[in-house]
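Chain by chain, the residues:
Number of protein chains: 2
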Amino acid sequence: MPHPFPSNSIGLVSPQTAHFTEPLALDCGRALVAYDLVYESYGTLNADHSNAVLICHALSGDHHVAGYYEDDPTKPGWWDNCIGPGRPIDTGAFFVVCCNNLGGCKGSTGPTAINPETRKPHGPDFPIVTVKDWVRSQARLADRLGIIQWAAIIGGSLGGMQAMQWAITFPDRVRHALVIAAAPRLSAMNIAFNEVARQAILSDPDFHHGHYYEFGVVPRRGLMLARMLGHITYLSDEGMRAKFGRELREGKIDFNFNFDTEFQVESYLRHQGHAFVDRFDANTYLLITKTLDYFDPAADFDQDLSVAFHRALARFLVVSFTSDWRFAPARSREIVQALVRAGREVSYVEIPSEFGHDAFLMPIPLYHDTLRAYLTRVAQEVNAHAA
Amino acid sequence: MPHPFPSNSIGLVSPQTAHFTEPLALDCGRALVAYDLVYESYGTLNADHSNAVLICHALSGDHHVAGYYEDDPTKPGWWDNCIGPGRPIDTGAFFVVCCNNLGGCKGSTGPTAINPETRKPHGPDFPIVTVKDWVRSQARLADRLGIIQWAAIIGGSLGGMQAMQWAITFPDRVRHALVIAAAPRLSAMNIAFNEVARQAILSDPDFHHGHYYEFGVVPRRGLMLARMLGHITYLSDEGMRAKFGRELREGKIDFNFNFDTEFQVESYLRHQGHAFVDRFDANTYLLITKTLDYFDPAADFDQDLSVAFHRALARFLVVSFTSDWRFAPARSREIVQALVRAGREVSYVEIPSEFGHDAFLMPIPLYHDTLRAYLTRVAQEVNAHAA
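Read top to bottom, the protein sequences are chains A and B. Take 1 as the starting number for the first sequence in full-length UniProt numbering and just add one per residue. Take 1 as the starting number for the second sequence in full-length UniProt numbering and just add one per residue.
Don't read these hints as lab results, they were simulated from the structure. Certain hints may be false.
As the list makes no split between identical chains, a pair holds if one copy fits it or if it spans any two.
[Said to hold, decoys possible] Keeping only pairs whose Cα atoms sit at most 25 Å apart, straight-line, the calculated SDA-like set for lysine to any residue is: (1) Lys120 with Phe259; (2) Lys243 with Glu22; (3) Lys132 with Thr261; (4) Lys243 with Trp325; (5) Lys243 with Ala328; (6) Lys120 with Thr169; (7) Lys243 with Asp172.
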C-alpha cells in the first residue's frame, strides 16, 4: 500500500554517498585525503544537464531537504514545503541536489566520522572548514554528477552565504544565486551569540576536550544550552509574543526555587534543546559556528564586497524577512547594494513576516510566490536553451 | 592626604545596615522573620524630610550607587556619573538613598546569608521575592529613616519597575517616579533569555541543587554563561559593531579546534563573564531573573496597566533609548500610554544612543540634561514647600 503522501510531494527519497579520493586542500592549510559527501537528488537531469539546482543547507540542516524516508514516513525533509512537483522549487522542471556539508554529522565526513588511521572518530582533530571549502567540495560533487553549471543555487541563512560564495568562486558555474535571509558576514553581536553557544559546549564537563565519544558521553547540557540560545535568535519578539505571550504552563506562578518550567516559552525552548541533543553532534556545532564567524567573502577583495561580486556572472535574487533580527533586512540590503555597485543584476524582496529568521523555512505565500515566479523564469531559460 | 576624587564626586562613602525584626509577609506565601537591608545615603535630609530620593537598582546592581569606598578608592559606585554635588541627581539638593534588595548578595538578606536556624546559608531555601516584596521592604527602610514621602524614586531597567510599583502600591509616598529603560512586564523573548541563563546555572554540575556553598564550589561555568548572554542583551548590534567590529584579537584567524578567543568581542564577553563570577551569587541570579519574569503590575488590575496607574498620585518621567532592544522604546511607550489613559502627568523622552540597554548607565549628555532639568523642578518644589 502506498504511503498517503500529499499529491505534490516528491514522495519517498533516499540518500546516496559520493566518495572522493582526490585530496581536498582546505583554507586552514590542512587537507582532507579522502572524504564522503552524502546527498539527495530529486527530479530528472535533462539531456544537456542544464536544469540542475543546488540547495545549500544552514547550520543545523542536512541533505534531507524534501520527501520522506521509508523508515520515517511521517517526517519530511526540512524544506519539503518548497520542493516537489508543482512546488516553488519544481522537481518537474529541475534536478534538485542537496548535500550534507563537510564537517557535518549526518553522513558526510566530519568530526563523528572514523579516522581510518586511528580507527576512532576524528573529533576535535577534524580541521575547521570554511564556506569556500564547502563550495569547492560541492563543485567536486557537481563534477561527479556531470553538472558543469547550476541553473540556480539556493540557500537560506548560512546556505545563502554558500550561494554567494559559489557565485564569486565559480562565476561560470552559477546562472542564478538565490540568497535568502543571509548577511555579507556576521556582526559582532552574531559572533557574540555564537561564542556563548561555544562556551556552553566547551565548559560542559562531558565535553572532554572534544573526545567525548571515547568516554561514552555527549556534552548534552552544553549542546542543549547552545540550541536554546540559537533558537531565540531564530524567532522574533513579536512572533514569540504571538505564539507564547506570557502564558503560564500550569496556569499559575510556582513561587519556589525549583525552577520548573512555568511559562510556555520555557517549556518550548527546553523541548527544542532536548530534541537537538539527540540529533546533532557538539563538535560539528562548534565547527559550523566558526565557519559562520569566518565567512567574509569581501576579505579577499580589500573588504569591498562589490569588488568580490564584480567577478560574479550570476543573476541574483535576494530575499529578507522584516522581523529577522539575526540577519536583518539591512544586512540583505548591504548585499544588494554591493551587487548593484558591481553592475550585477539583482532582484530584492523584503517579505513581511513575524517568524523572525525562521521565516525562510516557512510557507509564507508572498515568499513562495516570489521563489516560484523567479524560478519559473529560470525554468523557461532552461527550456529555451534546450530547445 | 585626601583622595584625588573629582570635585563633583560625593567622595568617600560607607554602607549602613538596617536590621528589621517585624516579619515581612511575601507574595509567595512565606514570610521573612527578620532581615537586614544594607544601604547607602548621600546628602542631607532636610528639616521636613521632603528631599529624599530613592534609587532602585537593577539585576546585578547594589546599594553602592555613588562615591568611593576607603578600601577601593579607584572604583566608584555604579551610577556615580549621575549622582553627586552638581550632578543630575544633585546631592546638594537631595538626600539620596539606595539599598541592596532582599534576595541580593551584597549584604541584604538573601540566599548567601546564614540561616540562624541551620547555621548554613539559606541557598535555595530562600523564598522567591517579587518587586512588590522589594517595595514593601523599602517602605520599611523609609519608615526607619523618617521618610514619609519620597521626592522622587528613580530606577533604570528592573529599577524602573520598582519605581512603577512604588507609585502603584504606595500612591501617597511618591511625588515623582522616574522610570528609565524599563518595560511594563517582560516579553516572551525576555523570559526566554532569562530561562537560558537559568538553565546554564542549573545544569552546571557544581550547582548541587543550589547547595554549592556546602561543597566549597560555585557554579562558575553556568554563572559565567548567564552573564555573557545577559551582556549581549545589554548592548546593541550597532554599539558592538562600533566597539568591536570584527576585529581579531591576534590579528589573524586561528583555524584550529581549540576555540581560543579570536574576535575582540569574544575576549570582552569572556572577561565580563569571569569578572561577574567573582562578585555575584548564582542563587541570587536565579532568584532575581524570576523576580523579573514575574513582574506584572497589571496582573492585579485585570491586565489593564492604566487601571493600575489610576491609583498612582506621582508624576512620571519615562526615558527610553533608541538602540535598547532588551526593553525597547516601544515598551516604554506602552507605559506612557497607560499613564496617559489613567490621567496621570507624564513626560516621555527617547534618547538617541547606540549603547543598547546599558545606555541608562552612561553619561549621555541629552539623557543627563533631561534628568537634571526634571530634578531641578523637583528640587524647586521641595524648596517651595519648605519655604
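Verification of the hints:
1. Lys120 with Phe259: between (39 Å within a copy, 22 Å between copies)
2. Lys243 with Glu22: neither (49 Å within a copy, 44 Å between copies)
3. Lys132 with Thr261: between (42 Å within a copy, 22 Å between copies)
4. Lys243 with Trp325: both (17 Å within a copy, 19 Å between copies)
5. Lys243 with Ala328: both (21 Å within a copy, 20 Å between copies)
6. Lys120 with Thr169: neither (34 Å within a copy, 64 Å between copies)
7. Lys243 with Asp172: neither (44 Å within a copy, 39 Å between copies)
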